[in-house]
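Could you slot chain B onto chain A? The hints should help.
Taken in sequence, the protein lines are chains A and B.
Going left to right, the first sequence walks through residues 1 to 106 as the working numbering numbers them.
Going left to right, the second sequence walks through residues 1001 to 1304 as the working numbering numbers them.
There could be a bad hint or two in this list.
Derived pair list, reagent style DSSO-like, types lysine-lysine, alpha-carbon separation capped at 27 Å [what the hints assert, rightly or not]: (1) A:Lys-75 with B:Lys-1008; (2) A:Lys-59 with A:Lys-75; (3) A:Lys-64 with B:Lys-1010; (4) B:Lys-1008 with A:Lys-59; (5) B:Lys-1008 with A:Lys-52; (6) A:Lys-75 with A:Lys-27; (7) B:Lys-1223 with A:Lys-64; (8) A:Lys-75 with B:Lys-1010; (9) B:Lys-1008 with A:Lys-27; (10) A:Lys-75 with A:Lys-52; (11) A:Lys-52 with A:Lys-27; (12) A:Lys-59 with B:Lys-1010; (13) B:Lys-1259 with B:Lys-1223; (14) A:Lys-27 with B:Lys-1010; (15) A:Lys-52 with B:Lys-1010; (16) A:Lys-64 with B:Lys-1008.
Chain B is nowhere near these chain A residues, computed Cβ spacing over 12 Å in every case [as the list claims (entries may be wrong)]: (17) Asn-13; (18) Phe-15; (19) Ala-16; (20) Leu-17; (21) Gln-19; (22) Pro-20; (23) Asp-22; (24) Asp-53.
Derived CB-CB ranges, DEER-like [stated by the list, open to error]: (25) B:Gly-1152 with A:Val-56: 29 to 39 Å; (26) A:Asp-24 with B:Ser-1258: 37 to 47 Å; (27) B:Ser-1229 with A:Asp-73: 20 to 30 Å; (28) A:Asp-22 with B:Pro-1159: 53 to 63 Å; (29) B:Gly-1161 with A:Asp-73: 42 to 52 Å; (30) A:Phe-15 with B:Gly-1152: 45 to 55 Å; (31) A:Met-21 with B:Gly-1152: 49 to 59 Å; (32) B:Gly-1161 with A:Asn-25: 55 to 65 Å; (33) B:Ser-1229 with A:Gln-19: 36 to 46 Å; (34) A:Glu-38 with B:Arg-1190: 26 to 36 Å; (35) A:Ala-26 with B:His-1120: 48 to 58 Å; (36) A:Pro-51 with B:Glu-1270: 32 to 42 Å; (37) B:His-1120 with A:Lys-27: 51 to 61 Å.
What the hints contain is simulated information worked out from the structure, not anything from laboratory work.
Virtual Cβ for every residue (Gly too), placed ideally from N, Cα, C.
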Amino acid sequence: MPDDIHSGADSVNPFALRQPMDLDNAKLPRGQVHIIPERCKGCDYCIVFCPKDVLVNAKAINAKGYHYPVVADGKENECVHCRFCDLICPEMAIYTEDLSGTEETE
Amino acid sequence: MSAVAAQKEKVVAGHPIDQMLRHDRLPHILCPGCGIGPVVHCYAESILESGRHEDEHVCVSGIGCSGRAAGYINVDSYHTTHGRAIPFALGIAVQNPELVVTVISGDGDLTAIGGNHFIHAARRNVDLNIICINNFNYGMTGGQAAPTTPTGATASTTPYGNTEPAFNLSYLARAVGASFVARWSIFHVRQLKEAILRTMEIRGFTFIEVLSPCPTGFGRANKLSRGLSMMEAFRDRCQVENGAPQIGPLTVDITDTSKPIVLGNFLDEEREPYGPVVMGPVTKRGPAEWAAVRKTRYDDERHA
Chain A
1 MPDDIHSGAD SVNPFALRQP MDLDNAKLPR GQVHIIPERC KGCDYCIVFC
51 PKDVLVNAKA INAKGYHYPV VADGKENECV HCRFCDLICP EMAIYTEDLS
101 GTEETE
Chain B
1001 MSAVAAQKEK VVAGHPIDQM LRHDRLPHIL CPGCGIGPVV HCYAESILES
1051 GRHEDEHVCV SGIGCSGRAA GYINVDSYHT THGRAIPFAL GIAVQNPELV
1101 VTVISGDGDL TAIGGNHFIH AARRNVDLNI ICINNFNYGM TGGQAAPTTP
1151 TGATASTTPY GNTEPAFNLS YLARAVGASF VARWSIFHVR QLKEAILRTM
1201 EIRGFTFIEV LSPCPTGFGR ANKLSRGLSM MEAFRDRCQV ENGAPQIGPL
1251 TVDITDTSKP IVLGNFLDEE REPYGPVVMG PVTKRGPAEW AAVRKTRYDD
1301 ERHA
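So here's chain A without its partners, still in its complex pose (with noise of 0.2 Å):
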């Protein structure tokens, strides 16, 4: 495994902890989360595999008896318009829609 290139001050390899030279400029996506609450059977899979762990699950059930998946207080704008809960959920259940076009201006 890598740890160990980290683990020790003397292994580490400056080159390896340089930034990205656009860091400063670069910006992250943004996406809206959409939900379809009746479609959804509970897998848990977008809750799970989500990266910025964005969903929860909802306290409140669907016609089925279901926790749906919701955005967790204080996650409003960490979704990054990835589309992996989109891709995964087998029951076309959730999507995300990019916000990044539709920036205010300051």
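This is chain B only, laid out in the frame that chain A set:
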């Protein structure tokens, strides 16, 4: 500069991919955590991105859980008899070579009941795209052991553990002459979609094996009773080896946690697909005439 504040989740009534689905039939009948939904989604998105009109796509499927796929995709589709998805699709593909014919079916339907159709379609290199959803058992009929059930795994017909070795479907497809062979899992949806898009470009017999969770049929008997546990196995144990020269040892054993599961686009070698046979009028020919016919035919092929 700040982006528009995203709200919490928006509750909506439909999905953008519903345009390619018979969405009045959703939610589908499949179990929670089933892998057929993502395959249908990837296939539907691939149709939209393939650059071909949706009327040029045909979806054929056999019997089983994955046979339902043709019922949910809103392109021309056939739900055929058990194991015979490839013969139906072969007829469509040979009669109208302009169509992109995709067979979405299960491991039992394609390689057990329809095993001979599979190997001979691959041998002839018929222009078909096969998406084989491998869930390691016969799911719809109650979790019986299939040719893909790993050795030692429990199924409803093997309560003391399966004693037979499992089929290596990618190896089989490669050995019998497929033009494109890939194996992905439901966790690797992006790679799966790219592979499906690639098979739509290739003329010839292409094969994608998709490892799928089956929480109800296979999982309950093998301590993988949530789809999530099998998905985590895919996430933790899968290794990608694109173009692996030796697929033979790369069997899939989902129950043996000590072994990795090797995925990848194993083979991509386009070759001449099978075409309709041109039949001439029936005439009586002697050996000399037949020799002349053979000579022209082979010369035509050689200089084509």
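Status of each hint after checking the structure:
1. Taking the CA atoms of Lys-75 (chain A) and Lys-1008 (chain B), the gap is near 8 Å; set against the 27 Å cutoff, the hint holds.
2. Among the hinted pairs, Lys-59 (chain A) with Lys-75 (chain A) is consistent with the structure: their alpha-carbon atoms are about 17 Å apart, no more than 27 Å.
3. Among the hinted pairs, Lys-64 (chain A) with Lys-1010 (chain B) is consistent with the structure: their alpha-carbon atoms are about 20 Å apart, no more than 27 Å.
4. Between the alpha carbons of Lys-1008 (chain B) and Lys-59 (chain A) the distance comes to roughly 15 Å, so the proposed pair stays at or under 27 Å and holds.
5. For the given pair, Lys-1008 (chain B) sits about 15 Å from Lys-52 (chain A) by alpha-carbon distance, which is consistent with the 27 Å threshold.
6. Distance check on the hinted pair: Lys-75 (chain A) and Lys-27 (chain A) sit about 17 Å apart at the alpha-carbon level, within 27 Å; holds.
7. The hinted pair formed by Lys-1223 (chain B) and Lys-64 (chain A) meets the criterion: a straight-line CA distance of about 25 Å does not exceed 27 Å.
8. Note on Lys-75 (chain A) and Lys-1010 (chain B): the hinted pairing holds, with a Cα-Cα distance of about 14 Å set against a maximum of 27 Å.
9. Annotation: proposed proximity of Lys-1008 (chain B) to Lys-27 (chain A) holds, straight-line Cα distance about 21 Å (limit 27 Å).
10. Using a Cα cut-off of 27 Å, the hinted pair Lys-75 (chain A) and Lys-52 (chain A) holds, with the two alpha carbons roughly 9 Å apart.
11. For the given pair, Lys-52 (chain A) sits about 16 Å from Lys-27 (chain A) by alpha-carbon distance, which is consistent with the 27 Å threshold.
12. Proximity of Lys-59 (chain A) to Lys-1010 (chain B) is assessed by CA-CA distance (about 16 Å); at most 27 Å being required, the pair is judged to hold.
13. At roughly 17 Å between alpha-carbon atoms, Lys-1259 (chain B) and Lys-1223 (chain B) fall within 27 Å of each other, so this suggested pair holds.
14. For the hint pairing Lys-27 (chain A) with Lys-1010 (chain B), the CA-to-CA distance comes to about 23 Å; that is within 27 Å, so the pair holds.
15. Taking the CA atoms of Lys-52 (chain A) and Lys-1010 (chain B), the gap is about 18 Å. The hint holds against a cut of 27 Å.
16. Among the hinted pairs, Lys-64 (chain A) with Lys-1008 (chain B) is consistent with the structure: their alpha-carbon atoms are about 23 Å apart, no more than 27 Å.
17. Annotated as non-interface, Asn-13 (chain A) keeps its C-beta farther than 12 Å from every C-beta of chain B; the closest such distance is 25 Å.
18. No beta-carbon of chain B is positioned within 12 Å of the beta-carbon of Phe-15 (chain A); the least distance is around 27 Å.
19. Residue-level check passed: Ala-16 (chain A) sits 23 Å from the nearest beta carbon of chain B, beyond 12 Å.
20. With a minimum CB-CB distance of about 27 Å to chain B, Leu-17 (chain A) clears the 12 Å threshold, and the non-interface call stands.
21. With a cut of 12 Å on Cβ distances, Gln-19 (chain A) stays outside the contact zone with chain B, its closest approach being about 21 Å.
22. With a closest Cβ-Cβ approach of about 20 Å to chain B, Pro-20 (chain A) is found to remain outside the 12 Å limit, as its non-interface label requires.
23. No Cβ of chain B approaches the Cβ of Asp-22 (chain A) within 12 Å, the least distance being about 16 Å, so the stated non-interface status holds.
24. Listed as a non-interface residue, Asp-53 (chain A) keeps its Cβ farther than 12 Å from every Cβ of chain B; the least gap is roughly 14 Å.
25. Gly-1152 (chain B) and Val-56 (chain A) have their C-beta atoms about 37 Å apart, which keeps the hinted 29 to 39 Å range intact.
26. Roughly 46 Å separates the CB atoms of Asp-24 (chain A) and Ser-1258 (chain B), a value that falls within the hinted 37 to 47 Å.
27. Between Ser-1229 (chain B) and Asp-73 (chain A) the beta carbon distance is about 28 Å. The supplied range of 20 to 30 Å therefore holds.
28. Taken as a hint, the range 53 to 63 Å holds for the pair Asp-22 (chain A) and Pro-1159 (chain B), whose Cβ atoms sit roughly 60 Å apart.
29. For the pair Gly-1161 (chain B) and Asp-73 (chain A), the beta carbons lie near 47 Å from each other, so the given range of 42 to 52 Å is met.
30. In this structure, Phe-15 (chain A) and Gly-1152 (chain B) meet the distance hint of 45 to 55 Å, their C-beta atoms being roughly 48 Å apart.
31. Range check, Met-21 (chain A) to Gly-1152 (chain B): about 53 Å between beta-carbon atoms, so the 49 to 59 Å window is met.
32. Checked against the given bound of 55 to 65 Å, the beta carbons of Gly-1161 (chain B) and Asn-25 (chain A), roughly 58 Å apart, stay inside it.
33. Remark: the range hint 36 to 46 Å for Ser-1229 (chain B) to Gln-19 (chain A) is upheld by a beta-carbon distance near 38 Å.
34. The hint said 26 to 36 Å for the Cβ distance between Glu-38 (chain A) and Arg-1190 (chain B), and at roughly 27 Å that hint holds.
35. The hinted window of 48 to 58 Å between Ala-26 (chain A) and His-1120 (chain B) holds, with their beta carbons roughly 53 Å apart.
36. Separation of Pro-51 (chain A) from Glu-1270 (chain B) is about 35 Å and conforms to the stated range, judged on CB atoms against 32 to 42 Å.
37. At about 54 Å, the beta-carbon gap between His-1120 (chain B) and Lys-27 (chain A) stays in the expected band of 51 to 61 Å.
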